[in-house]
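> Now for the letters of each chain:
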Amino acid sequence: MSLMKLIKLTPAVLMAATLPSLALAQDGPVAGVNASTDSVFILNSFLFLVAGFLVMWMAAGFAMLEGGLVRSKNVAMQMTKNIALFSLAAIFYYLIGYNLMYPLGNWSVGTDETGGYLGAFGPAILEAVGVTSDAADDYGYASTGSDFFFQLMFCATTASIVSGALAERIKLWPFLIFVVLLTAFIYPIQASWKWGGGFLDSQYGFLDFAGSTVVHSVGGWAALAGAIILGPRIGKYKDGQVHPMPGSNLALATLGTFILWLGWFGFNGGSQLAMGTVGDVADVSRIFANTNTAAAGGAIAAMILTQIMYKKVDLTMVLNGALAGLVSITAEPLTPTLGAATLIGAVGGVIVVFAVPFLDKMKIDDVVGAIPVHLFAGIWGTIAVVLTNGDATIGGQLISIIIVGVFVFVVSLVVWIVLKGIMGIRVGEEEEINGLDMSELGMEAYPEFSKG
Amino acid sequence: MSLMKLIKLTPAVLMAATLPSLALAQDGPVAGVNASTDSVFILNSFLFLVAGFLVMWMAAGFAMLEGGLVRSKNVAMQMTKNIALFSLAAIFYYLIGYNLMYPLGNWSVGTDETGGYLGAFGPAILEAVGVTSDAADDYGYASTGSDFFFQLMFCATTASIVSGALAERIKLWPFLIFVVLLTAFIYPIQASWKWGGGFLDSQYGFLDFAGSTVVHSVGGWAALAGAIILGPRIGKYKDGQVHPMPGSNLALATLGTFILWLGWFGFNGGSQLAMGTVGDVADVSRIFANTNTAAAGGAIAAMILTQIMYKKVDLTMVLNGALAGLVSITAEPLTPTLGAATLIGAVGGVIVVFAVPFLDKMKIDDVVGAIPVHLFAGIWGTIAVVLTNGDATIGGQLISIIIVGVFVFVVSLVVWIVLKGIMGIRVGEEEEINGLDMSELGMEAYPEFSKG
Amino acid sequence: MSLMKLIKLTPAVLMAATLPSLALAQDGPVAGVNASTDSVFILNSFLFLVAGFLVMWMAAGFAMLEGGLVRSKNVAMQMTKNIALFSLAAIFYYLIGYNLMYPLGNWSVGTDETGGYLGAFGPAILEAVGVTSDAADDYGYASTGSDFFFQLMFCATTASIVSGALAERIKLWPFLIFVVLLTAFIYPIQASWKWGGGFLDSQYGFLDFAGSTVVHSVGGWAALAGAIILGPRIGKYKDGQVHPMPGSNLALATLGTFILWLGWFGFNGGSQLAMGTVGDVADVSRIFANTNTAAAGGAIAAMILTQIMYKKVDLTMVLNGALAGLVSITAEPLTPTLGAATLIGAVGGVIVVFAVPFLDKMKIDDVVGAIPVHLFAGIWGTIAVVLTNGDATIGGQLISIIIVGVFVFVVSLVVWIVLKGIMGIRVGEEEEINGLDMSELGMEAYPEFSKG
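Protein chains in written order, with the working numbering: chain S, 1222 to 1673; chain P, 1222 to 1673; chain B, 1222 to 1673.
Check each hint, because a few of them may be wrong.
No copy labels: a pair is met if it fits in one copy or bridges any two.
To be verified - Taking lysine-lysine and the DSS-like style, the derived pairs with C-alpha atoms no more than 27 angstroms apart in a straight line are:
no.	residue 1	residue 2
1	Lys-1672	Lys-1641
2	Lys-1532	Lys-1641
3	Lys-1641	Lys-1533
4	Lys-1672	Lys-1457
5	Lys-1672	Lys-1582
6	Lys-1582	Lys-1459
7	Lys-1532	Lys-1582
8	Lys-1582	Lys-1533
9	Lys-1457	Lys-1532
Hints are computed from structural coordinates only; laboratory data are not their basis.
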């Protein structure tokens, strides 16, 4: 039963969970106690807490990145959306999402054997206070509280991705309603297909270590659907020209990127789901190193490419290049060598440099570049798993990318259309021109600084 | 003796400290070595270091929150105060505060049995370099260095709370003198009553897990006394009207809130004081999850309430709502369910929305909302312990809130009055209007940006 | 062989690595398994990962500090340089630096016994996925991935130091070429002399726990060479006067300082290189506490001194004072008492207050104060080791400071001169006056805020 949570474990870990750990094996009888598993439980849980707070910190990273890339008249709104979406994700993942994502075999539709399609309903319940080893929910794994905390942050990340793409024109409340549906249903359901042991995992052999597809492309697809329904900002594509609307604070955007880079060590490293053995902690270490170098590869690739193409380095491309490198390595941060990880990340950086103008050509207005970074690089990263992990098949990866993509894109599209019909999702023209801060919130982010 | 530091431990932990831990129990004789306690010592110490650096990070959070909520002409001063108060707290908690707070039975006034009232004097002394287990100060607990590091950060937090409320008009040096007295004496003395095993702990059964009262209300009471003696900013309450003075940088204020939210995992999680057993690490996990959801509850409650009351969401209320949620759960982050924690936090958010205009009505000018967040929500959180923890009594909680409140408020009031008499605590009218940055520091935080 | 990585270990650690650890010693035979070392390996590796992500975070701290201290017209460029230098450091330390720094006895020039001078060539190679204890590269120490991750961050820090001093006038690409040479060769080669077990370690008994000399002075020497070759900014020293060019965002600079302060716990604490025993974790705890108090001492010393000297507290001096305190304690954060650590840090703060105007008198234009903080305080900290660590000799410390200084300064000088000759290192006069953001990048960091 508990194996459902072990889905992402490497073979070495699975062995550790079933065999007595070498690390602390007892040579004589200890009544009713498996010493090794206590230690593994403690270390795994602590990994989740540390990795979880790093991923939580990514929520701040998205807020700063987006706050830096929107114009100053929309900064307070972007802050509001980011803190609200994180809060809503916390509450609705608790109420609905967590058990939908991890049904532990209790599928509402499907079974572990034939393929799970829809998880369990009911709020998350943590272990009792002062739990003992024999009463722990998942003694070979980690505490439920740590697992919930860690997994919640991934759900919230998905929502953070959406907010940037739709900035500067979407109304606050329809956006938040979408966030509720995304974090309560859309994200958890598709995540259950892989990480909850559902059909993508059991039937298609889909591999996605930390979520290039399950997290990042999902945010990207939801953002793409929203951007299409919402339409571009006023004046963005006028007279057949693309009119750049520069971000108001590139120091803040850079800070956001550094925060995301830092948080990603938790995102990918924590996804090892274990560090109680020599093999696991060495794997987590590989993942940290690979994650870092992939980001570096993405940043440098974008820097060199913009220098060549535009004769000037483009800082926002470098930032997005680093992020695309991170997304690219997320589907498989463990098996690549440092060199391969650097190249996988670099390809992500290249993708961003070409995808941003491509989206503009399609007149899809993605304010911060979330779709190139999270969707396009996410697809790339998911495919790239086959380059370094022999267990992955190109067919299994592609079909899973498509299934997840179609599900998320279509459901999101329907939700956006319904929201548009019921309450409208876009602010009025005057409100948009004046900025959402004054028109929707009645306050400014930088009330004292004269705007030129 | 060392049990004084175990005051906050749960029953499961106390067992682990006195019985051989199940986790690593040896089945045969190992000369002079209790393997389990070594492991507990290491893991507990590391918890303090990780939680401690998270709480240290809250100092940056307060600085950014306050820097974002003051007007631009006072930002450099607010930065100066925040970095200086943290530094002074570090030095004076070392010189005086630590042993006052943790006398380990050596009370200057009182005893463990009859009730301790005033701790021990003398600077903190860490364990020797390369200490061995038999020479460790507190082998069943954690290293003294890690304990000192962790506890220091709580002391500094108390001072951070004060700086925001009194911003934009208090002189630098009198403020810093107050900080010295607060961190050397006021905070440690009252903290000893509970966490040092003093009379509130032994005689009243007061429960305050991570300090809704011991830390947050203390900062709030000190701030309230200061705000009353100092008076409101010029022009704040003119002609019977409240004149809003919007913060200069809401992106910075939001960053500060996210930093505090992150740091709070260390604040509450580290206060479990142990993670060397299955029960402890599961409890730390519950605390992380509950802390997060309480913040979310506070933010969402404030968001919905401001929408209803003012027809517009108020970002600063949402930020303070999240912080109030965090303060509210701090007195008992372990026993609530996720649902109860969300509601406890939500009540904190509601308190803030009503308390901010209430203070304005009282003409108490609290620049950043520190008193609603840390004092009012701190009181609420301390009372709310009785809702989920059967060991708490409403009487014990209330009497402790009152004793701590009276002590801190009265002593602070006296200190502020004396400082006012001796050296004045408020800058001149012209200095205040020109801003403290130019008048007191001779520099500006944003010298190039035109102010409108 | 693997002892090369244990260079910085304290005696207690070395014992733990060679004797069966007391902590988890088995009393009976366990076939082929040394349980204690498994546990040590796991905990040491995790220390490196946690400390490593904290040091990585320092890259963001440098970016924010520098972004806050340059004028707004150069902020986007400063962001670009910081994210690019970190990325280049990641790639070139992997390709070249790591094995040059840690040859593990395979010196290209020299031997462990007679003194190592030039390490090994070849890219870093991490342990295999799912490694077992008998196949771990360095089973008594930590995983190679964690060691690489941690050590890389020190290399990147060195480069970060340089970027601040040379801001506002150096061209992007020559700067980045210097970063490549610094992180691939200059830093790793001299670091190998001490931390790789080279001649400074084996022949001179040089002690530098976490790198006051090996990291900070190296960055400072490279910056000094660059500042001399580059010359001061236009208008900085005009008509025999020093013309202050105030930083554009002191809130950002303060944030950067707090980030660096936080990251330094990883920098110094992780340099214990072990936490698998009672002695090690207690030592790491001492280091955390000492690091914090040294920063506090530096900040307060600078604050009091500027108040006395200039009648006004200077925030940028306080920030640099805190950083100088951190640099000062870095060569020996373990052996001082809390009081000694505070004083060592305070001397660092004093040095900064005097060194900044001294450099201006020499017409060496260091935009952010990197040379006083990292070079001067680094030298002080390296000498101060003899005050608290009986194993250090004043002769060994001085000769090592000089050898490292001469090597880094001369090589850097040559590199800067060659770069100047080949491609020029300084932007044109008009570009400098207009700001590097528009002239080199074609974008602004704050495009909407009117500049006064």
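> All hints, please: hold or fail.
Do the hints match the structure? See the list:
no. : hint                : verdict
1   : Lys-1672 x Lys-1641 : neither (32 angstroms within a copy, 39 angstroms between copies)
2   : Lys-1532 x Lys-1641 : between (42 angstroms within a copy, 21 angstroms between copies)
3   : Lys-1641 x Lys-1533 : between (40 angstroms within a copy, 20 angstroms between copies)
4   : Lys-1672 x Lys-1457 : both (19 angstroms within a copy, 26 angstroms between copies)
5   : Lys-1672 x Lys-1582 : neither (29 angstroms within a copy, 34 angstroms between copies)
6   : Lys-1582 x Lys-1459 : within (12 angstroms within a copy, 50 angstroms between copies)
7   : Lys-1532 x Lys-1582 : within (21 angstroms within a copy, 39 angstroms between copies)
8   : Lys-1582 x Lys-1533 : within (21 angstroms within a copy, 36 angstroms between copies)
9   : Lys-1457 x Lys-1532 : within (24 angstroms within a copy, 30 angstroms between copies)
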